[in-house]
Amino acid sequence: MEETISTPMVKRSFFVIIILLVFLFVGTNQAAREDVLGVEILGSGGLGALTYESRWAQWGCSLGFSLAPIDRNNGVALVFPMHIRKFFLEGDHRFVLGTGQAITITTKGQYFLMGLLECGWMWKRKDSPWAVKLAYTPLVSYLVDFQWQHWAGFSCSYAFSGDSK
Amino acid sequence: MRVFFPFLLLFLLSSCGKSLFDGPNTYADGFESYTSLSEMISDSNKQWSFTQLTFPGNFISIVTDSPHSGSQCVRFSASPSSPEIVSKCSLNKHKMAFWEGETVFVSAWYKIESSEVLDWIFLMDLEEQTAIGAGPGMRLALEKGRLVVEHKYWEKDLYQDPANAIPFPLGQWVHVEWELKLSQSHEGEVRVWQNGALLISSKNHRTLPIDFLYFQQGTKGMYSSIEIGITANTRHGPVVLYVDDFQIGVR
Chain A
1 MEETISTPMV KRSFFVIIIL LVFLFVGTNQ AAREDVLGVE ILGSGGLGAL
51 TYESRWAQWG CSLGFSLAPI DRNNGVALVF PMHIRKFFLE GDHRFVLGTG
101 QAITITTKGQ YFLMGLLECG WMWKRKDSPW AVKLAYTPLV SYLVDFQWQH
151 WAGFSCSYAF SGDSK
Chain B
166 MRVFFPFLLL FLLSSCGKSL FDGPNTYADG FESYTSLSEM ISDSNKQWSF
216 TQLTFPGNFI SIVTDSPHSG SQCVRFSASP SSPEIVSKCS LNKHKMAFWE
266 GETVFVSAWY KIESSEVLDW IFLMDLEEQT AIGAGPGMRL ALEKGRLVVE
316 HKYWEKDLYQ DPANAIPFPL GQWVHVEWEL KLSQSHEGEV RVWQNGALLI
366 SSKNHRTLPI DFLYFQQGTK GMYSSIEIGI TANTRHGPVV LYVDDFQIGV
416 R
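These protein sequences, in sequence, are chains A and B. When you number the first sequence by our numbering, it's gap-free, plus one each residue, and the end is 165. When you number the second sequence by our numbering, it's gap-free, plus one each residue, and the end is 416.
I should point out that these hints are in silico values taken from the structure, not numbers from a laboratory. Accuracy of the hints is not assured; some may be wrong.
Here are the simulated distance ranges between beta carbons [what the hints assert, rightly or not]: (1) A:N73 <-> B:Y199: 26 to 32 Å; (2) A:F146 <-> B:E281: 22 to 28 Å; (3) B:T268 <-> A:P138: 29 to 35 Å; (4) A:W148 <-> B:P332: 42 to 48 Å; (5) A:T107 <-> B:E281: 32 to 38 Å; (6) A:P129 <-> B:T268: 58 to 64 Å; (7) A:W148 <-> B:D284: 37 to 43 Å; (8) A:F80 <-> B:Y199: 44 to 50 Å; (9) A:F160 <-> B:E352: 47 to 53 Å; (10) B:T268 <-> A:G109: 32 to 38 Å; (11) A:L78 <-> B:D230: 47 to 53 Å.
A few chain B positions that, by computed beta-carbon distances, are all more than 12 Å from chain A [unchecked claim]: (12) E197; (13) G235; (14) V282; (15) D322; (16) R400.
As the structure is a prediction and not an experimental result, all values here were calculated from the model. C-beta: ideal position from N, C-alpha, C; glycine also.
From just these sequences and the hints, can you work out the full model?
Right, dumping it as structure tokens:
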């Protein structure tokens, strides 16, 4: 198979992914942390995704899972979108900005990385574990060519207690 | 945290350079210098890169009976496709480079021997090898006996004007010419000639694939391979195809 991604770019992108994973699982110990499970329709997962997010103070890190069937010869793409995001404003309505990476691995062994951006609005009542979010979530190709795909998504999530308050 | 974000963004938005994917943009073959199929395939990519023969009965051979010019031509013989397997009998040349903005020109002589209706027989493919996806590109095909331009990505196929459509003649040499101005936006152009007659002409057309969510990733604004022969056969019946005097280049 013809090589389509250069090794230096792959190394650079995995460095970015490692940084995001560190924030996901380390977070900060300065404030109460929440574990949040969510379902996304469209959005950074493509057609949709299941997500886990770790939220603390005004920050959040998430890891998602999605599928994209291609065809019989090329299999199914397993997609793992990862984000780091910041929440602005206090109260029930919040403004969200985020960035991240989506790792794609197909069942035939092909792989790729895509950049993710997020700009949206989240509604969450202070004492409720439920939240809904509407966001502009473009997919940004950058490894071999720069392409910006306009996209958006809606998500609904539920926050479980974190291990520190 | 604030320090990290500009660097993350820089990493995220930088591109690796398309020079890594460069290659030749011309090739011509009159098939005169070969004595066997194996001589046509070259590891160094100086000739054809590989063949695709998906049925045991499909074969490619050098023949001397009635070439278009010179003393030899290539003969492709393909069984009909089945519901599970597409019947392919083709020659491929990869690691070429046709970039956005260039006008690609392909010329070849084809002779088809078949007693069946020529319906969805694919004769020539221009493709890109993407990281994720099904090798998107554009293809020349015969549909109900007439040349059409079909896309292996989400774009409308191009047909002849029904009022003036010209069927593809059987049992005789036919000059097929295909010109593409490459564009990932709707600034491309497509023209197809058959024996010098302009059959299809389209402007403001997307002639290169683009990324589409996670179904198609890593398109580069180029085509990197050409495939000729019976690149996919119909289910209706076997097909024998002769090809001679192939050339591809940029204007």
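For each hint, the structure was consulted:
| no. | hint | result |
| --- | --- | --- |
| 1 | A:N73 <-> B:Y199: 26 to 32 Å | 29 Å, holds |
| 2 | A:F146 <-> B:E281: 22 to 28 Å | 47 Å, violated |
| 3 | B:T268 <-> A:P138: 29 to 35 Å | 31 Å, holds |
| 4 | A:W148 <-> B:P332: 42 to 48 Å | 44 Å, holds |
| 5 | A:T107 <-> B:E281: 32 to 38 Å | 36 Å, holds |
| 6 | A:P129 <-> B:T268: 58 to 64 Å | 59 Å, holds |
| 7 | A:W148 <-> B:D284: 37 to 43 Å | 40 Å, holds |
| 8 | A:F80 <-> B:Y199: 44 to 50 Å | 48 Å, holds |
| 9 | A:F160 <-> B:E352: 47 to 53 Å | 51 Å, holds |
| 10 | B:T268 <-> A:G109: 32 to 38 Å | 36 Å, holds |
| 11 | A:L78 <-> B:D230: 47 to 53 Å | 52 Å, holds |
| 12 | E197 | 29 Å, holds |
| 13 | G235 | 32 Å, holds |
| 14 | V282 | 26 Å, holds |
| 15 | D322 | 18 Å, holds |
| 16 | R400 | 16 Å, holds |
In summary, the structure is inconsistent with hint 2 from the numbered list given earlier, while agreeing with all the others.
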